[in-house]
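Taken in sequence, the protein lines are chains A and B.
Using my numbering, the letters of the first sequence map in sequence onto residues 1 to 166.
Using my numbering, the letters of the second sequence map in sequence onto residues 1001 to 1148.
Calculated from the structure, these hints are not laboratory results.
Built from N, CA and C at the ideal position, the CB exists for glycine as well.
Check each hint, because a few of them may be wrong.
Only some residues are given here: those of chain A computed to face chain B with a beta carbon under 8 Å [claimed, not checked]: (1) T19; (2) F34; (3) C67.
Derived, one-sided and incomplete: chain A residues facing chain B with beta-carbon distance under 8 Å [said to hold, decoys possible]: (4) V60; (5) P63; (6) T64; (7) N70; (8) L73; (9) H81; (10) L84; (11) D88; (12) I89; (13) N99; (14) F103; (15) R128; (16) M132.
List of simulated lysine-lysine pairs, BS3-like, C-alpha gap at most 30 Å [as the list claims (entries may be wrong)]: (17) A:K139 x A:K11; (18) A:K139 x B:K1102; (19) A:K139 x A:K16; (20) A:K139 x B:K1111; (21) A:K11 x B:K1049.
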Amino acid sequence: MTNDDLLARLKALVGKEFTFAAPEEVGRASIRQFALAIGDPNPLYMDHVLAGTSPHGGIVAPPTFICETNQYLPGPVDEEHGSLNATDIPTGGVIRMGNDYQFFRLVRPSDVVTAQWTVAECFEREGRSGRMALLVMDKTFRNQRGELLATNRETYAYRLSGGGRP
Amino acid sequence: MTALRFEDVREGMELPPLTKRVSLVRMMMYGAATWDYVPLHYDAAYAQKRGFPAPVADGQMMGAYLCQLLTDWSGDPGSVRALSFRNQAPVFPGDTLVCKGKVTRRRASGKDSLVDCDLWIENQRGEQVVGHASATLSLPSGVRGPRT
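Build the full structure now, drawing on both the sequences and the hints.
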């Protein structure tokens, strides 16, 4: 794909919305796995007896858990790019630039998550290593009762000129 | 865990720093835990093809680390209302990161007692790998009682 093709493809995505509903609850195991991966030993994330005596009344997930797990995406896995084949958003050569999270309600093991992604904007910028296309995504997460859990605005960068590092 | 109270916080206060050692195993664990199998985070040959000397840690891992910095300090994951950050330099296996923060403002918003912080992450060479980062926490205030 040429730079112009990529840019045109990204710009055509602006305004598009994608909704993904997880087929099952988050579950205690996936919260514990995430807490282990980030190395956060907080018992609220993995000790259901101790967490049960806390003001939260049970296990909760670390705040960013919901903004990062792709558990709600349908398969299959795209082995070349290592992502789940969920959208027509290009995943090759993308680098994440940063995130803006807002947290409204802690995620619990019994939550069944629905994520809504909206492609907010696409613009070009001259970066340190050349011309880039930036794609801004707004992601909103709700549970099975429609309660707002969190929002995540994230920016993806695609290198437009030359090869190598984006 | 004792929850931090609004009255305990002063503007200009530094948060107790949090040190994180990043290994390839931890990067792989993070990918598995988040259902993210992007080879840039674990495949050295793929990373080199993309122009990086080694696999690159997932950018949002830094968000998780900053959240731990905040919740270790506040004592309550429910206290974090907002967190923004920008990845400024790649993080590689073997890096030792120190997450740091400073209180910039205490304020009331309706019934909430809010604390704003500036945050950043440095690597072992003192380079800022995450910057332009800030967070807002809601802390208990006034009469001590059960938290909701």
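Here is how each hint holds up against the structure:
For T19 (chain A), the interface hint is violated, since its Cβ never comes within 8 Å of a Cβ in chain B; the closest pair sits about 17 Å apart. Of the supplied interface hints, the one on F34 (chain A) holds, with its beta-carbon coming within about 4 Å of a beta-carbon of chain B, less than 8 Å. At its closest, the beta carbon of C67 (chain A) sits 7 Å from a beta carbon of chain B; the interface hint therefore holds under the 8 Å criterion. At about 6 Å, the closest approach between the beta carbon of V60 (chain A) and any beta carbon in chain B falls short of 8 Å, and the interface hint on this residue holds.
Nearest Cβ of chain B to the Cβ of P63 (chain A): about 5 Å, under the 8 Å cut. The hint holds. The beta carbon of T64 (chain A) is positioned within 8 Å of a beta carbon in chain B (closest approach about 5 Å), and the interface hint is therefore held. The restraint placing N70 (chain A) at the interface with chain B holds, with a minimum CB-CB distance near 4 Å, inside the 8 Å limit. Nearest Cβ of chain B to the Cβ of L73 (chain A): about 7 Å, under the 8 Å cut. The hint holds.
The beta carbon of H81 (chain A) is positioned within 8 Å of a beta carbon in chain B (closest approach about 7 Å), and the interface hint is therefore held. Because the smallest distance between the Cβ of L84 (chain A) and any Cβ of chain B comes to about 7 Å, under 8 Å, the interface hint for this residue holds. With a least beta-carbon distance of about 17 Å to chain B, the hint placing D88 (chain A) at the interface is violated under the 8 Å criterion. Here the hint on I89 (chain A) is broken, as its CB sits about 13 Å from the closest CB of chain B, past 8 Å.
Taking 8 Å as the C-beta cut-off, the interface hint given for N99 (chain A) holds, the closest approach to chain B being about 5 Å. Satisfaction of the interface hint for F103 (chain A) is found here, the shortest Cβ-Cβ separation to chain B being roughly 6 Å, below the 8 Å cut-off. Taken as an interface hint, R128 (chain A) does not check out: its beta carbon lies about 11 Å from the nearest beta carbon of chain B, beyond 8 Å. For M132 (chain A), the shortest C-beta to C-beta distance to chain B is roughly 14 Å, which exceeds 8 Å, and the interface hint is violated.
As the CA atoms of K139 (chain A) and K11 (chain A) are separated by approximately 18 Å, the hinted pair is consistent with the 30 Å bound. Proximity of K139 (chain A) to K1102 (chain B) is assessed by CA-CA distance (about 28 Å); at most 30 Å being required, the pair is judged to hold. Restraint check for K139 (chain A) and K16 (chain A): the C-alpha separation of about 12 Å stays at or below 30 Å, so the hint holds. For the proposed pair K139 (chain A) and K1111 (chain B), the alpha carbon gap of about 27 Å is at most 30 Å, so the pair holds.
Taking the CA atoms of K11 (chain A) and K1049 (chain B), the gap is near 27 Å; set against the 30 Å cutoff, the hint holds.
In this structure, the hints that do not hold are numbers 1, 11, 12, 15, 16, in rising order.
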